[in-house]
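K.L.:
Throw the hints in and build the complete structure from the sequences for me.
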Amino acid sequence: MPGSAAEAQHASEAGHAPHWGYSGAQGPEHWGNLSQDFAACDTGHEQSPIDLAGEVTKDLPDIAFHYQPSALNILNNGHTIQVNYDPGSTIEVDGITYELKQFHFHTHSEHTLHGTSYPLEMHLVHQSVEGQLAVVGVMAEAGADNGPLTAVWANMPTTATETAHVDAQINAADLLPADHTYYGYAGSLTTPPCSEGVKWHVLTTPMQLSTTQLDTMAALLHDNFRPVQPLYDRELDLDIVGVATR
149 MPGSAAEAQH ASEAGHAPHW GYSGAQGPEH WGNLSQDFAA CDTGHEQSPI DLAGEVTKDL
209 PDIAFHYQPS ALNILNNGHT IQVNYDPGST IEVDGITYEL KQFHFHTHSE HTLHGTSYPL
269 EMHLVHQSVE GQLAVVGVMA EAGADNGPLT AVWANMPTTA TETAHVDAQI NAADLLPADH
329 TYYGYAGSLT TPPCSEGVKW HVLTTPMQLS TTQLDTMAAL LHDNFRPVQP LYDRELDLDI
389 VGVATR
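In our numbering, the protein residues as written are 149 to 394.
Among the hints, erroneous ones may be present.
With beta-carbon atoms standing in for the labels, derived distance ranges [stated by the list, open to error]: (1) Pro209 - Ala308: 34 to 44 Å; (2) Ala292 - Asp315: 36 to 46 Å; (3) Ala308 - Ala201: 29 to 39 Å; (4) Ala219 - Val277: 14 to 24 Å; (5) Ala292 - Val204: 16 to 26 Å; (6) Asp315 - Thr238: 35 to 45 Å; (7) Asp190 - Ala316: 38 to 48 Å; (8) Asp327 - Gly202: 27 to 37 Å; (9) Ala367 - Glu278: 32 to 42 Å; (10) Gly345 - Val204: 13 to 23 Å; (11) Gly172 - Ala212: 36 to 46 Å; (12) Thr191 - Pro217: 36 to 46 Å; (13) Ala212 - Asp190: 29 to 39 Å.
Calculated from the structure, these hints are not laboratory results.
Quick caveat, the model's predicted, so the values are computed rather than measured.
Ideal Cβ placement from N, Cα and C applies to all residues, glycine included.
P.N.:
Okay, here's the thing in structure tokens:
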């Protein structure tokens, strides 16, 4: 299984892991050479992110979201701003239940849509009791101020490994667009060790953030995105019916 729940998506930030980043000698093109543990970053054939193009349209299983409010626990892990989520919030897809562990942000988006990127992408990372990872990706576009994220933006730690425990709650359900239509494919973590076996669900409808919110996050994260990876012989599916279930 690709890492424990606490390590999901940013598995190699513990002190014994090699340093990696998004530019220079530690950038994405070098990840596979930084450690044998990161070999999949170079050799894997089911890597993420990808360009969302060439899709096959089919009736995919709906994502049933069962999110509850959580205390607001924010971590700057040196690579992203991550909100660690309280236990008890889940999604169900094709009969499998996955618990929401955390969500975090990339600027700009890691996935692209027919070659076009968005200014931000949010990843909601889930894990089943068997250890299977499922990520829901939500793009963000410039628009109205995002009220549910205001407390996150106001309390973001600016120093690596710094945490903020805010006297407030957040409900991840409030961050989702009403339309849950999604692209589905088999992929990987988008950060070292780039472990494969991750089920990806990238929503087709973006959420909105104000230009100020987008600029604030971009200034802090400094282009923390991995470039798109080859699709190889994978199939990219596009759901034809998105049912909003909350």
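K.L.:
Does each hint hold? Answer for all of them.
P.N.:
Hint-by-hint comparison with the structure:
1. Look at Pro209 against Ala308: about 38 Å separates their beta carbons, and that is inside 34 to 44 Å.
2. Remark: the range hint 36 to 46 Å for Ala292 to Asp315 is contradicted by a beta-carbon distance near 26 Å.
3. Checked against the hint of 29 to 39 Å, the C-beta distance between Ala308 and Ala201 comes to roughly 35 Å, which is consistent with it.
4. The hinted window of 14 to 24 Å between Ala219 and Val277 holds, with their beta carbons roughly 23 Å apart.
5. Between Ala292 and Val204 the Cβ separation comes to about 33 Å, which falls outside the hinted range of 16 to 26 Å.
6. Asp315 and Thr238 have their C-beta atoms about 25 Å apart, which leaves the hinted 35 to 45 Å range violated.
7. Take Asp190 and Ala316: their Cβ atoms lie about 42 Å apart, and the range 38 to 48 Å holds.
8. Restraint check, Asp327 to Gly202: a C-beta distance of roughly 22 Å breaks the suggested window 27 to 37 Å.
9. At about 39 Å, the CB distance of Ala367 to Glu278 agrees with the hint of 32 to 42 Å.
10. Checked against the hint of 13 to 23 Å, the pair Gly345 and Val204 passes, with Cβ atoms roughly 21 Å apart.
11. At roughly 43 Å, the beta-carbon separation of Gly172 and Ala212 lies within the given 36 to 46 Å, and the hint holds.
12. The hint said 36 to 46 Å for the Cβ distance between Thr191 and Pro217, and at roughly 41 Å that hint holds.
13. Range check, Ala212 to Asp190: Cβ separation about 36 Å, and the 29 to 39 Å hint holds.
Hint violations for this structure: numbers 2, 5, 6 and 8, all remaining hints satisfied.
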